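Protein chains: 2
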Amino acid sequence: MKGIVTGGAGFLGSHVADVLAESGHDVTVVDLTMTERHRSMKVDLRDIESLSVACRGSDFVCHLAAVGDVYLAAEKPYLAAATNVTGSANVCEAAIKAHVPKVIYASTWEVYGAPRYQPIDEEHPCAPDHPYGITKLAGERLALAYGQLRERLSVTALRLGTAYGTRMRPNSVFSLFIRRAVNKQPITIQGTGRQSRQFTHARDIGRGFALAIERAAPGFVFNIVGDESITIKQLADLVIAEIPTSLDFAPAREAEVPSASVSNAKAKRELGWQPQVPFGDGLRELVAAERSAMVA
Amino acid sequence: MKGIVTGGAGFLGSHVADVLAESGHDVTVVDLTMTERHRSMKVDLRDIESLSVACRGSDFVCHLAAVGDVYLAAEKPYLAAATNVTGSANVCEAAIKAHVPKVIYASTWEVYGAPRYQPIDEEHPCAPDHPYGITKLAGERLALAYGQLRERLSVTALRLGTAYGTRMRPNSVFSLFIRRAVNKQPITIQGTGRQSRQFTHARDIGRGFALAIERAAPGFVFNIVGDESITIKQLADLVIAEIPTSLDFAPAREAEVPSASVSNAKAKRELGWQPQVPFGDGLRELVAAERSAMVA
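For the record, the sequence lines run as chains A and B.
Residue numbering for the first sequence follows our numbering, beginning at 1 and increasing consecutively.
Residue numbering for the second sequence follows our numbering, beginning at 1001 and increasing consecutively.
Same shape as in the complex, but just chain A (with noise of 0.2 Å):
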């Protein structure tokens, strides 16, 4: 089929547009900058024209252009809420507009704010109130309440857990770590390290995209997260494992995420979903390319 992703110049989308390319979808990207990976397209979210004429044709958009770091959302909550949000209806409206069919929302298990209970299902109430998390939800519900008024439009939301791959950020968590291991300095833990989340790799949430094309029926909500929980401490550990150095702490950052416990079941269940890269490995690949570019 043909289709759209949104922010596929970014980390996470790039990996999304490779495996649905893999999964042979004609695939272009749309976003604020180009690249050289997939047909590509320059173009903002708060154009929906520009949206529009980009879509047409296409068969399904996956929309993943957000503003994903956190701590730019809390630094600039005003350009997350147009970014996550405005931009989120901009692309439903530019869908309609293009006669496409059908858009899959990258959602992220931070909508649920605090757990009630645990492992978080997707019936459990979303509370957050972090900007990251407040803006991605409203943009979900945007996506969804479109997907219910407009009887041209099928809208599933994936709530991704926080992803890890090969051309992450570099203010992650992953390539803070690896960057100060490769420089023989020591890995600080900000806060106390137990802090743990269901990293998922990034291609596994690209097939979780690739199935919900395929099979999510409209309006159903699915989380796409790693079976493990890996704290903080283990991520150190496990890096220093792979390039030795040392380790100390520092003080917690402002507005860190918590942990809490995500179920996948629904997504094994109903998608047929399930991760295949065990954290190790794909702990230990990002590594080889983190060492790889620093040497270059």
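Because the hints were derived from the structure by calculation, they are not lab data.
All values reported here derive from a predicted model rather than from experimental measurement.
Misleading hints may appear alongside valid ones.
[Said to hold, decoys possible] For lysine to aspartate or glutamate, the following EDC-like pairs were computed, each having C-alpha atoms within a straight-line distance of at most 16 Å:
hint: 1; chain 1: A; residue 1: Lys266; chain 2: A; residue 2: Glu123
hint: 2; chain 1: A; residue 1: Lys76; chain 2: A; residue 2: Asp129
hint: 3; chain 1: B; residue 1: Lys1076; chain 2: A; residue 2: Glu49
hint: 4; chain 1: A; residue 1: Lys76; chain 2: B; residue 2: Asp1047
hint: 5; chain 1: B; residue 1: Lys1097; chain 2: A; residue 2: Glu75
hint: 6; chain 1: A; residue 1: Lys268; chain 2: A; residue 2: Glu214
hint: 7; chain 1: B; residue 1: Lys1076; chain 2: A; residue 2: Asp47
hint: 8; chain 1: B; residue 1: Lys1268; chain 2: B; residue 2: Glu1122
hint: 9; chain 1: A; residue 1: Lys97; chain 2: B; residue 2: Glu1075
hint: 10; chain 1: A; residue 1: Lys76; chain 2: B; residue 2: Glu1049
Since the structure of chain A is provided, determine the placement of chain B on it from the hints.
Then chain B, alone, in the frame of chain A:
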């Protein structure tokens, strides 16, 4: 104190500005259109710089500017997102730039979505599925997040009942019913007429803002809703008691928000708020105003 009322040229904002001015505040209205009722500045919510200039020297901002028409929000969710979410973030950003210490955010009972228990108190989960409720909730959460993340800003949210009063929008159910009756046409109820609303007089809402400015602790949320639940059928009967005409029924409108009973106990207890306009009195005042406007 000196303060700003955004949306103060509109129906509800103008009543809030009136009440604040009568309470001794020095009020400036910030809106897309000018008003003669108060000192007035024409500012677009998209323009943080101009908002910040408008806010300079103020002690509070009451933020009511929004896409408040649920039908318009359903027709143009992207406009509701830009105004209600990004616009609200911009107002907070501008308040911080201008060193304004307090923002009172006009939220709505419609943020709750389908009731899980009734009466709905402020602890009830929020799961709106209509673009109006979705965008108002996201604006509320972003404003509260600004209050949490920035030391200099205190934010309070008032979740308002369905407001009524003079100068209502011509597509409000009140204006429609009264206009039909005055024109000796039958009043048409869309749906069963059994859906109810805790209609809240705009001046009572104004008093809620005045009390919040004076007394509300940072980060707090209050339901500001009338005591009486009035069905649409009762509303029609009350209009017909004032201006005799007949009654008929039509199919329900899309995106109709179902009834819910909302508790105002916290606002009474913690703000000392008390609705003062009995519904019958408010309605008669409105009928008289609409009648004289139509004659004129």
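Going down the list of hints, with the structure as the test:
1. A/Lys266 x A/Glu123: holds (11 Å)
2. A/Lys76 x A/Asp129: holds (15 Å)
3. B/Lys1076 x A/Glu49: Status holds; Cα separation ~15 Å.
4. A/Lys76 x B/Asp1047: Holds: A/Lys76 and B/Asp1047 sit about 15 Å apart, inside 16 Å.
5. B/Lys1097 x A/Glu75: holds (13 Å)
6. A/Lys268 x A/Glu214: At roughly 14 Å apart (the allowed maximum being 16 Å), A/Glu214 and A/Lys268 satisfy the hint.
7. B/Lys1076 x A/Asp47: Within the cut-off at roughly 15 Å; holds.
8. B/Lys1268 x B/Glu1122: holds (13 Å)
9. A/Lys97 x B/Glu1075: Since the Cα atoms of A/Lys97 and B/Glu1075 sit roughly 13 Å apart, the hinted pair holds (cutoff 16 Å).
10. A/Lys76 x B/Glu1049: It holds: about 15 Å lies between the C-alpha atoms, which stays within 16 Å.
Every hint from the earlier list agrees with this structure, and none is contradicted.
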